[in-house]
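Visitor: Below are the chains, spelled out letter by letter.
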Amino acid sequence: MSYETRPLPPDLEEQLAVLRQIADGSDDLLIDPVTVGGIRCAVVCCEGMLSTAIATELIIEPLTAIPAMPDSTALLTHIQTHLLLSFDRVVVRSYGDLFRLLHSGFAILLAQGQTMALAFGVQGYDKRSISEPSGEADLFGAHEGFTEAIRTNMSQLRRRMKTPLLKFELRVMGKLSHTDVCLCYLTDRVPPQLLRRIRHELDAAELDTILSPGYLQPFLERRGSMFDSVSTTERPDVLVSKLLEGRVAVLIDGNPFAIVVPKLLVESFQTLDDYNYKPYYATFIRWVKYLAFLITLLLPAVYTAVSVHHPELLNRTLLMLLTRAEAEEPLSLPLEAIGAFLMFEIIREAGLRLPKVVGGAVSIVGGIIIGDAAVASGLVSTPMLTVVAISVTAGFIVPDLSPVITVLRLLFIAAGGLWGLYGIGLLGMAVTYQLCRTEDFGFPVTAPLSPLYLRSMRDVMTRVGFRRMQHGNFTVEEYHEQDQ
Amino acid sequence: MNKISNLQLFSILLLPGAWSILCIPALYGGGQLLGAAAGCGIQLLLCVPVFALARHGRETDFLRQKWLCCLYALFFILWGARSLTLMHTAAPRQLLTSPGHVTAAVLLLLTCLYTSTAGLKATARCAVLMLGVLGVTLVLLVVGAWRRVELSALSVRGGFSQGMLTYLALGGELPAAWVLLQHAGTGGCRAVGAYLLAKLGLCLLVLFLCITAGGRLTSEAAYPLFTLTVLSQPFAGQRADAVYLLAFVMLCVMQMTLLTGVTAHLLERTGIRHTAPLSLLLMLLLAWLLPEQGVATLTAALIPILAGGVPLVILMMQGIKRSVRA
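Protein chains in written order, with our numbering: chain A, 1 to 484; chain B, 1 to 326.
Please keep in mind that the hints were generated in silico from the structure rather than gathered at the bench. Be aware that one or more of the hints could be misleading.
To be verified - Within a straight-line C-alpha distance of at most 20 Å, the following computed EDC-like cross-link-like pairs (lysine to aspartate or glutamate) qualify: (1) K3/B with E478/A; (2) K3/B with E481/A; (3) K3/B with E477/A; (4) K66/B with E268/B; (5) K289/A with E478/A; (6) K356/A with E345/A; (7) K175/A with D208/A.
As the list claims (entries may be wrong) - Stretches of chain B that chain A covers, calculated by requiring three or more beta carbons in the stretch to come under 8 Å of a beta carbon on chain A: (8) 5 to 13; (9) 170 to 182; (10) 239 to 245.
Yeah, the Cβ is synthetic: ideal placement off N, Cα and C, and Gly gets one too.
Using the sequences plus the hints, can you model the full thing?
Guide: Written out as C-alpha cells, the structure is:
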C-alpha cells in the first residue's frame with residue numbers, strides 16, 4: 001500500500017515507527033514525545049518549516065496547560081472545542097495528508113489510541129519579503145510584486161479586491177512536489193466554460209513537480225503556435241485588472257509569477273502606466289509601441305531586402321551612402337545582419353545568466369565589440385549597425401513579445417536576403433496566419449482586432465479616460481468564439 | 001467548419017477582388033468607370049437568385065449535388081491558375097524579379113499550402129487584419145497620386161463596354177461567396193452586397209487615379225496601377241513602393257488561400273482526400289499547361305453561369321416542385 005493512503009494506526013509507537021520508516025531517516029523530521037492531559041502524545045514537525053517561537057507560544061504552552069483527561073478522544077475533543085491554537089487546523093487521517101501538511105510547515109499532534117491527528121498551521125519558514133517586480137517596471141503603479149509564498153500573493157490580491165466575489169480555489173498539484181496551486185477569479189465576471197475547461201486541463205496534468213509557470217503553461221494553451229495565448233505577470237495590480245475583465249489567474253507556490261488566461265495580442269502593448277497618463281499621451285505612447293513592434297520585426301529585413309534586391313527603391317543619397325559603406329564589407333548583407341543579431345543575442349544571454357556584477361562587465365565588453373571593434377575591423381558596416389541598434393532598442397519596448405520577435409526577426413532577414421520583399425511578404429502572411437489561428441479555449445489572440453469589436457477600440461487604437469471607460473462592464477467573454 | 005462574422009465574410013471576398021483590381025490589365029478611357037458601375041449592377045442582378053434562395057435558408061442547396069461541387073471546384077482551380085499566371089506576368093512589373101519565376105511559384109505554393117491548412121476561421125481573422133493593410137496602401141496611393149490628378153484627362157467617352165466586360169471578368173470570387181454563405185451568420189447576403197459595392201468603389205478609385213494622375217504613361221502601360229505607384233510617391237525623398245509590393249504579395253496569398261480553401265472544402269464533399277495540396281498542384285499544373293488568354297476567357301465565361309445561372313435554375317426547379325406539390 002502506498003503511504004499516501006495508508007491510515008494512521010491507533011498505537012502511538014506504531015504511528016511513529018511508520019513515520020520514521022516513510023521518512024527514511026530524513027534529518028529534518030523532528031519528533032517530540034510529550035504528555036498532554038495525562039495522555040501520551042507526540043508533536044511532529046519539519047525543521048525550518050515552522051516558527052519555533054509561534055509554535056511554542058501558540059501550541060506547546062496551551063497544550064501543556066491542559067488538565068488531565070480520561071482518554072485521548074476526550075483530549076482531542078477538548079483541543080478542538082476549547083482551544084484556538086491556530087486558525088489553520090486540519091484533521092489528518094492518512095500518512096499522505098500528514099506528510100503534505102508536515103512539509104507545508106504544520107505542527108502535527110499525534111495521540112495514543114487515536115487513528116487521527118491534529119495539524120496546526122504555524123508556518124514560519126524564511127521567505128523573500130515583498131519587493132518591486134524586477135521585470136515589469138511601472139512609474140505610477142504599486143511598488144509591490146508577487147513573492148514566492150502563495151499565501152502572501154493571495155493576500156496581496158485580497159487587499160486590492162475586498163469583495164467576496166474574488167474567489168481563491170486551492171488545489172495540490174505535482175505527484176512529488178505537492179505544490180499548492182491557486183485558481184483566482186471573480187465569480188460574477190469569469191466565463192463559466194473557461195473556468196470549467198481550465199479546471200479540467202489542470203486535473204489532467206500529471207506532473208511530478210511544478211516549479212514555474214512554464215510547467216503549467218502547455219496545459220493551458222493550444223499546441224503548435226509560436227504566439228503565447230496565456231500571459232504571466234508578477235504585479236498584483238496588473239493581475240487584479242485582468243481578473244476584472246473576467247480572466248482566470250493561476251498562482252503557483254514557490255514562484256512569483258501568476259499565469260493569466262486568456263491572453264490577447266494587444267495586451268502586449270498595454271501597461272499599467274497607460275492608465276495613469278492623460279489619454280492623449282497614453283494614445284501616443286501606444287502607437288509608438290505599435291510602430292516599435294513593426295520596426296524591431298521588419299526594419300532589418302526590409303533594409304536587407306531593399307539593399308540587396310531592390311536598390312532602385314532607395315533615393316540617390318541613401319543609395320550612395322549604403323554603397324560606400326558596404327563596398328568594403330567581406331560579408332553579404334544578410335549574413336552581416338544575422339551575425340550582428342546573433343552576437344547581440346549571445347551577449348544578452350551572457351549578461352542575463354552571469355552574476356550581476358560580472359553581467360555588467362559583459363555588457364560593456366559586448367558594447368565595445370559590437371559598437372567599435374566590429375566596425376573598425378570591417379566586419380559590420382556602420383549603417384547595418386545603426387539598423388541593428390534601432391531594431392534591438394525598439395524591441396525593448398514590447399518585452400512581452402521578445403521570444404517571438406527574436407526568432408521572427410532572423411527569419412525575416414533570411415527571407416528578405418534570399419527573396420527580397422517577395423519573401424518578406426510571403427513570410428509575413430505565414431506569420432499572420434499563425435497568429436490568427438492561435439486561440440485559447442475559444443478566445444482568439446487577435447481579438448478585438450479580428451474579430452473586430454469596435455467598442456474595444458477605445459482601449460486599443462486610443463486610450464479613453466476612465467469617465468468613459470467606467471461604463472460597460474467589459475469582460476473577455478465578449479471575445480469568445482463558439483465553435484458551431 | 002465554424003461560423004464567420006459578416007465583416008469577415010466581407011473582407012474575405014473583398015481582398016481577392018482588390019488583388020484583381022490592383023492587376024487591372026488596361027485603361028480604355030473615362031467610360032470605363034461607367035462600364036465598371038454597369039458591371040457591378042449586373043453582378044448584383046446575378047446575386048438575386050441566391051438572395052432569393054437565402055430568404056428560405058436554401059442558398060447552398062446546390063452544393064448537395066456532387067457534380068455541382070466538382071464543377072464549382074473546377075472553376076476555382078481555373079481561377080487559381082489564372083491568378084498564378086497573373087502573378088507570373090504582373091510580378092516583374094512590380095519589381096518582384098528577385099526569386100526567379102520557378103522559385104517564386106514554389107514559395108507561393110508552399111505559403112498557400114500552410115495558410116490553407118489554418119482553416120476558414122484563421123483566414124477570416126486574417127482577412128480583417130489585411131483589410132487594414134489594404135486601407136494603409138490605399139491611403140498612401142491617394143496621398144501620393146492626389147497632387148498629380150488632372151480632371152481634364154477624365155472623359156466619359158470610350159471604354160464603356162470594355163470596362164464592363166473587364167469588371168465582370170474580375171468577379172471570380174462571387175461564386176466563392178455562395179460557398180462561404182453557409183458559414184456566415186444572419187445578414188450574410190448584406191455582407192455580399194456590401195462587398196460588391198466596396199469593390200466597385202475601389203475599382204472606381206483606382207481607375208480614376210490611373211486615368212487622371214497617370215496621364216499617357218498609365219494609359220499605355222500593361223498594368224496601369226503599377227505604373228501609377230511608381231509615378232506617385234507620397235514623400236519627395238522616399239519611395240513607398242515597398243508598401244505596395246508587400247500589399248501585392250499579401251493580397252495574392254489571401255486570394256490563393258481562399259481559392260484553395262474553398263476548392264478543398266468542395267472536393268472533400270466528393271470524398272477526395274488531401275484536397276488542399278491537390279488543389280494547389282492542379283492550379284499550378286493548369287497555369288503551366290493552359291494558355292493565359294484561354295484560361296482568362298474560360299473563367300470569365302463561367303462566372304455568370306456559376307454566380308447567377310446555376311442558382312437561378314435551382315430556384316426555378318424549386319418553384320416548379322412547389323407548384324406541382326400544390
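Visitor: So, for every hint listed, does it hold in this structure?
Guide: Structure-based check of each hint:
1. K3/B with E478/A: The given pair, whose Cα atoms are some 16 Å apart, holds under the 20 Å limit.
2. K3/B with E481/A: With a Cα-Cα distance of about 9 Å, the restraint between K3/B and E481/A holds, given a limit of 20 Å.
3. K3/B with E477/A: Distance ~17 Å between K3/B and E477/A Cα, so the pair holds.
4. K66/B with E268/B: Roughly 10 Å between the alpha carbons, so the hint for K66/B and E268/B holds.
5. K289/A with E478/A: Violated, because 25 Å separates the two Cα atoms, which is more than 20 Å.
6. K356/A with E345/A: Given pair K356/A, E345/A holds - Cα atoms ~17 Å apart, limit 20 Å.
7. K175/A with D208/A: The hint holds at about 5 Å.
8. 5 to 13: Coverage by chain A holds for the stretch 5 to 13 of chain B (3 residues, Cβ < 8 Å).
9. 170 to 182: Since 0 is below three, the answer is violated.
10. 239 to 245: holds (count 4)
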